[in-house]
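Student: Listed here are the chains, written in short residue letters.
Number of protein chains: 2
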Amino acid sequence: MSTATTDRRPAPSAASPDEAVAAPQVDVEALGAQLLGRWRDMRLAARAFAADPRMAKIEGLPVPEHRARVLEQLKTLAAEADVLRAFPTRLGGADDHGASIARFEELVAADPSLQIKAGVQWGLFASAILHLGTPEQQDRLLPGAMDVSVPGAFAMTESGHGSDVASIGTTATYDPETQEFVIHTPFRGAWKDYLGNAALHGVAATVFAQLITNGVNHGVHCFYVPIREVNPDGTAGAFLPGVGGEDDGVKGGLNGIDNGRLHFTNVRVPREDLLARYGQVAEDGTYTSSIDSPGRRFFTMLGSLVQGRVSLDGAALNAQKLGLTVAVTYGNQRRQFTGASDTDEVVLLDYAEHQRRLLPLVAQAYAGTYAHHSLLDLFDAVFSGETDTPDSREDLETMAAALKPTSTWNALEALQVAREACGGAGFMAENRLTGLRADLDVYVTFEGDNTVLLQLVGKRLLADYANDMKGIDVGGLARFAIEKAADTVLYRTPIARAAQAFADQGSARRSAGHLRSEEAQRDLLTDRVETMVAEVAQALRPAQKMSRDKGAALFNEHQHELIEAARAHADLLYWEAFTKGLGEIEDAGTRQVMTWVRDLFGLHLIEQNMAWYLINGRLSGQRARTVTSYIERLLRRLRPHAQDLVDAFGFDAGLHRAPIATGGERERQDEARDYYRRLRASGDEPVSEKSMKKKAGSKR
Amino acid sequence: MSTATTDRRPAPSAASPDEAVAAPQVDVEALGAQLLGRWRDMRLAARAFAADPRMAKIEGLPVPEHRARVLEQLKTLAAEADVLRAFPTRLGGADDHGASIARFEELVAADPSLQIKAGVQWGLFASAILHLGTPEQQDRLLPGAMDVSVPGAFAMTESGHGSDVASIGTTATYDPETQEFVIHTPFRGAWKDYLGNAALHGVAATVFAQLITNGVNHGVHCFYVPIREVNPDGTAGAFLPGVGGEDDGVKGGLNGIDNGRLHFTNVRVPREDLLARYGQVAEDGTYTSSIDSPGRRFFTMLGSLVQGRVSLDGAALNAQKLGLTVAVTYGNQRRQFTGASDTDEVVLLDYAEHQRRLLPLVAQAYAGTYAHHSLLDLFDAVFSGETDTPDSREDLETMAAALKPTSTWNALEALQVAREACGGAGFMAENRLTGLRADLDVYVTFEGDNTVLLQLVGKRLLADYANDMKGIDVGGLARFAIEKAADTVLYRTPIARAAQAFADQGSARRSAGHLRSEEAQRDLLTDRVETMVAEVAQALRPAQKMSRDKGAALFNEHQHELIEAARAHADLLYWEAFTKGLGEIEDAGTRQVMTWVRDLFGLHLIEQNMAWYLINGRLSGQRARTVTSYIERLLRRLRPHAQDLVDAFGFDAGLHRAPIATGGERERQDEARDYYRRLRASGDEPVSEKSMKKKAGSKR
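Those protein sequence lines, which keep their order, are chains Z and E. Residue 1 is where the first sequence starts when you use the UniProt record's numbering, and the numbers rise one by one after that. Residue 1 is where the second sequence starts when you use the UniProt record's numbering, and the numbers rise one by one after that.
Think of the hints as simulated: they come from the structure by calculation, not from any bench. Every residue gets a Cβ at the ideal spot worked out from N, C-alpha and C, and that includes glycine. Please note that the accuracy of each hint is not assured.
Unchecked claim - No more than 30 Å apart at the CA atoms, straight line, and that leaves these computed lysine-lysine pairs for DSSO-like:
| # | chain 1 | residue 1 | chain 2 | residue 2 |
| --- | --- | --- | --- | --- |
| 1 | E | Lys-545 | Z | Lys-693 |
| 2 | Z | Lys-545 | E | Lys-694 |
| 3 | Z | Lys-545 | E | Lys-695 |
| 4 | E | Lys-545 | Z | Lys-690 |
| 5 | Z | Lys-545 | E | Lys-545 |
| 6 | Z | Lys-695 | E | Lys-545 |
| 7 | Z | Lys-545 | E | Lys-690 |
| 8 | Z | Lys-693 | E | Lys-550 |
| 9 | E | Lys-695 | Z | Lys-550 |
| 10 | Z | Lys-694 | E | Lys-550 |
| 11 | E | Lys-550 | Z | Lys-695 |
| 12 | E | Lys-694 | Z | Lys-690 |
| 13 | Z | Lys-694 | E | Lys-694 |
| 14 | E | Lys-550 | Z | Lys-550 |
Said to hold, decoys possible - Calculated Cβ distances over 10 Å to all of chain E for the following chain Z residues:
| # | residue |
| --- | --- |
| 15 | Ala-56 |
| 16 | Thr-89 |
| 17 | Asp-233 |
| 18 | Gly-426 |
| 19 | Met-428 |
| 20 | Asn-467 |
| 21 | Arg-541 |
| 22 | Gly-621 |
| 23 | Arg-625 |
| 24 | Ala-653 |
| 25 | Lys-695 |
Whenever a hint applies, use it, and build me the whole structure from the sequences.
Tutor: Here is the structure:
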């Protein structure tokens with residue numbers, strides 16, 4: 001709904017909603033444009049493509065047919081949908097990483113299986129060639145991966161090792177006699193597992209293995225390995241000699257993807273097919289690398305994986321927005337139980353509990369979207385080379401590790417609450433909520449398990465604290481923070497930058513002021529992160545003087561607090577991004593309403609962690625009560641804008657495809673009301689026994 | 001693991017775990033027997049049947065095949081599985097209601113679709129005939145419903161009205177000329193919807209409609225209506241004249257059930273097919289009923305629906321226990337990342353965060369199981385006629401309305417956390433977690449939407465409070481509490497009975513004492529319920545003097561608090577039931593460990609609601625910190641008993657069927673360790689570049 005013709009009063013101060021315009025309106029179109037962000041045209045084009053019926057998920061399709069359909073869709077994408085922008089211009093791409101991710105994120109609305117199948121093909125398999133290969137290897141191997149004539153698997157994870165990539169068991173031993181690498185799976189736990197394209201469609205794989213040459217293990221490297229024959233019609237045939245595997249079978253979701261397992265029995269690949277950007281083996285077996293430290297080399301090679309986390313963050317936000325659009329729209333139409341009058345039933349969204357359940361999730365989706373803009377900007381700056389420094393890479397890793405867990409868990413919560421808010425209708429697959437939730441489920445554990453990622457963020461926060469406290473005895477904690485950093489490079493630079501990058505943070509110690517004020521919210525949220533980190537750091541100080549096992553035990557005792565600190569950090573990132581986004585809204589009415597949304601988000605966070613604020617003396621019991629009562633006022637204020645707020649997400653009926661949110665419910669109710677109106681008018685309406693008895697009773 | 005031969009010290013006092021035996025052991029067998037409860041043999045027989053491969057859910061089966069399989073399973077149940085105990089002895093049943101529900105609850109382990117299909121056939125369709133029909137109607141209509149020669153739908157819910165049954169639109173108008181009722185669907189919103197057996201298999205339905213005779217609407221009554229022809233082979237044929245409908249299609253789960261919609265266009269049924277136990281229409285159209293009040297009659301007729309809620313409570317607990325068994329077993333075998341040593345990786349359950357996530361859910365499943373025993377006892381007492389008074393019926397309704405939401409939401413939480421705790425393996429359908437979660441999803445909104453049920457509990461709490469405060473001006477709230485009671489009879493008797501029924505409650509105002517003590521936990525949990533209810537009651541006092549719409553608005557403002565009070569009440573029911581169960585454990589070691597489990601449950605509840613205790617001055621900040629640190633001590637104490645605690649649930653491999661929890665993971669790890677051990681012993685192990693560099697560095 002455009003509000004161009006609406007009469008509006010002057011812009012209120014963002015920090016004092018009470019003095020604001022009486023009845024502000026949301027400029028849905030302008031707000032929607034802001035949410036689409038920097039790659040707006042790209043996203044709109046991708047959404048148009050996602051709304052193409054050829055791309056739609058057909059609910060209940062048997063697994064084999066779903067897999068075949070998604071493979072066809074993938075080829076259609078390659079041919080028609082401008083999906084290769086991340087690849088080199090010389091090979092037909094555009095070297096345009098941010099745009100490529102933005103486009104990819106929108107595919108989730110069509111079918112998350114298609115999104116992830118595309119992610120496997122271009123974001124993982126082809127991307128390994130792009131980021132780990134030499135220019136010669138790119139020229140030779142990328143074209144087939146790009147045009148999907150070579151569907152490929154990304155063979156990193158093993159059955160025995162999920163998030164702990166450094167410990168994989170697969171070996172690649174160099175044989176100088178034949179100048180080949182021998183790829184070998186030494187035991188069942190080292191089978192590659194959960195790989196998209198492995199069960200059926202893949203004809204090659206980028207295989208991660210321990211590179212061994214001249215008796216030395218140089219750590220994990222990546223190899224290009226053909227795995228299946230190619231049939232004359234271009235489809236995948238039988239496994240090549242030495243390669244074996246099996247189908248992972250039915251999954252909890254994403255059943256359009258043929259995940260499977262692979263194993264290798266002394267499979268030989270030429271020396272040239274070690275993807276050699278960061279490490280090379282000469283004919284005689286001599287290993288060389290431009291990165292001297294094996295640890296640093298490992299993290300560098302795995303660095304490109306961050307784009308998976310970045311894109312899942314955006315996709316998870318889109319799924320939330322789609323689900324909330326369906327639930328809020330239905331909640332604005334569906335009526336249940338009579339309220340103030342005998343004949344008119346109440347619209348669901350007028351119930352306070354319904355608002356309580358849905359509106360904070362809408363606010364959260366806004367916050368996440370603004371945070372994602374910052375993440376994607378940083379990603380683009382790093383991957384375009386604009387600011388590709390070790391520091392900015394580390395900031396990117398940390399921010400992705402904080403945001404991906406937050407948005408993927410939020411997506412499961414939002415989709416579940418949305419489904420429950422729609423009752424039995426929400427359980428019908430056609431309304432999308434259950435299918436999206438099932439598909440998104442694995443987003444919380446793949447591309448880095450959420451808990452593992454948050455622990456990495458926590459370690460980075462600790463390391464930064466140690467760095468800030470130089471000279472003070474925090475060696476013990478720094479040691480653990482650095483030692484345990486698994487497959488990312490989250491160490492040795494101040495985390496504060498990540499938040500400051502997009503916020504004028506001000507002093508966290510500023511006096512609290514009014515709870516509703518922006519400053520008060522910022523202070524409370526910032527203070528919590530800082531205090532929690534400092535407490536864990538202090539608790540870990542004794543680790544320095546402990547044996548390894550005792551130190552590990554002490555660390556383990558504080559694991560939960562560390563993860564909570566990381567969550568608090570992510571909360572702060574969300575809030576700062578929202579506040580920055582708020583500052584960029586020009587329309588006064590929109591800014592007013594969005595200030596309420598931001599306040600709802602911030603105060604809801606504070607309410608959720610109220611025990612911490614009370615225990616630590618940051619809020620009094622009296623103040624705590626005012627938080628809850630102000631949240632209730634905000635819910636009432638926002639209720640009339642709920643539809644505008646989800647409409648601005650831009651997931652219209654063509655994209656969400658949910659029959660309950662396309663007016664059918666309203667039509668049915670209008671028909672029912674007409675029926676009763678006509679019945680009353682006709683004089684044929686039966687008298688109710690209840691009212692007869694009431695009348696009889698009152699006459700007595 | 002039996003502990004019969006274990007050396008044990010004398011029994012500790014349940015309230016002081018610190019003075020307890022040094023290394024208590026759990027008697028898994030005895031604890032398991034306690035968990036099976038009063039109908040132990042019935043449950044064991046049902047579990048044996050659920051473990052029959054013919055009953056197993058086949059993951060990924062296309063919807064039509066899954067539906068056909070479940071129909072066959074249903075017939076097998078009828079023929080072989082002693083499932084008709086709830087029906088009259090004269091018709092081949094046993095008039096044994098508790099046993100029947102206990103057996104039914106165990107079916108969830110086979111396939112929740114089978115459980116719910118059985119629930120539709122016997123718990124709803126046949127049950128309507130049983131509870132709403134006259135003896136003559138039972139004799140005539142029950143046999144076909146019992147032996148599934150007449151698959152039937154329970155046609156109550158309409159597209160336009162979910163939980164609000166009183167407002168349904170379908171009419172049944174008596175025509176004295178032909179002595180028939182005319183069943184009619186006046187508009188699209190009055191289509192019957194979400195009905196199991198309606199899409200394909202049903203040949204009859206128990207249809208709820210507004211009974212109209214001689215120009216008077218006597219409210220909702222139930223009619224037996226044939227809906228489809230029966231083919232010569234006994235299968236369902238085409239719709240009968242005037243009946244129409246459609247398939248609900250694919251759902252988020254339970255796809256073994258053919259849910260669908262039905263509508264009626266002037267379908268005539270004989271006068272004799274009004275199920276006439278509570279209301280009859282004479283040949284001339286005169287209506288009579290043994291229950292004078294239309295409201296009371298309505299609630300009485302719907303009273304038998306409580307058995308659905310009771311059985312869903314038990315089924316949801318079984319699903320939790322199955323899921324937690326899989327996750328804890330896997331967590332005890334799966335290793336990830338190295339901890340104290342370089343070669344040995346850490347078992348997942350040794351990570352503090354993993355314990356934090358899983359063990360409180362195990363404690364919760366225990367609490368729920370004990371609470372369910374009390375509920376099922378009460379159900380059996382009421383339905384057997386042993387104590388079938390209006391008061392005990394109301395207590396039963398209230399307890400079911402409190403426990404069903406709690407256990408069904410807990411099930412979704414437990415299954416999700418279990419799935420995430422198993423990483424990618426948890427997402428594989430063969431490991432059951434995702435499928436169970438998808439199937440259980442709808443348990444939170446069907447048979448009474450959880451939020452609606454909790455609101456009913458809240459109203460009952462308010463009404464009791466008003467009753468207790470007689471003479472004080474609380475008329476306004478009583479008015480709303482009574483007016484809004486939807487499809488149950490939750491009013492006018494003291495709620496306190498529900499908790500006191502299985503607990504010597506003592507004084508809630510007793511001095512708090514040590515937090516770990518049983519009394520302190522009870523006082524804190526009880527105080528919270530009482531205070532919350534009193535606060536809502538006070539807030540609603542002005543409603544008495546308000547207009548209807550203003551009063552409704554005031555009630556709406558406090559809806560969230562009322563629902564929170566109902567949750568707190570359910571928490572207390574859980575805790576009291578657990579404490580009662582604890583008192584019945586004879587083995588000292590088991591009682592010791594289970595005391596820790598109960599304390600974990602109680603303190604975890606208090607921790608989750610800590611803000612309330614702090615704001616209301618019930619706990620100091622210092623005390624609050626001790627709650628968290630004691631929870632952490634309990635987790636460490638319970639960790640060695642985690643496997644015993646889930647083993648006692650009795651969901652062995654034959655029932656859970658999850659490959660990851662049957663030792664495969666451990667075997668793979670043993671194989672991998674053997675490989676590395678042999679490699680080291682052989683002298684052929686490659687040197688790692690990392691360790692070479694370290695050595696070189698230290699020589700410099």
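Student: Compare the structure with each hint and give your call.
Tutor: A quick look at each hint next to the structure:
no., hint, verdict
1, E:Lys-545 <-> Z:Lys-693, "holds, 25 Å"
2, Z:Lys-545 <-> E:Lys-694, "holds, 21 Å"
3, Z:Lys-545 <-> E:Lys-695, "holds, 23 Å"
4, E:Lys-545 <-> Z:Lys-690, "holds, 24 Å"
5, Z:Lys-545 <-> E:Lys-545, "violated, 71 Å"
6, Z:Lys-695 <-> E:Lys-545, "holds, 23 Å"
7, Z:Lys-545 <-> E:Lys-690, "holds, 24 Å"
8, Z:Lys-693 <-> E:Lys-550, "holds, 27 Å"
9, E:Lys-695 <-> Z:Lys-550, "holds, 25 Å"
10, Z:Lys-694 <-> E:Lys-550, "holds, 23 Å"
11, E:Lys-550 <-> Z:Lys-695, "holds, 25 Å"
12, E:Lys-694 <-> Z:Lys-690, "violated, 88 Å"
13, Z:Lys-694 <-> E:Lys-694, "violated, 92 Å"
14, E:Lys-550 <-> Z:Lys-550, "violated, 64 Å"
15, Ala-56, "holds, 14 Å"
16, Thr-89, "holds, 36 Å"
17, Asp-233, "holds, 26 Å"
18, Gly-426, "violated, 7 Å"
19, Met-428, "violated, 6 Å"
20, Asn-467, "holds, 23 Å"
21, Arg-541, "holds, 18 Å"
22, Gly-621, "violated, 4 Å"
23, Arg-625, "violated, 6 Å"
24, Ala-653, "holds, 18 Å"
25, Lys-695, "holds, 12 Å"
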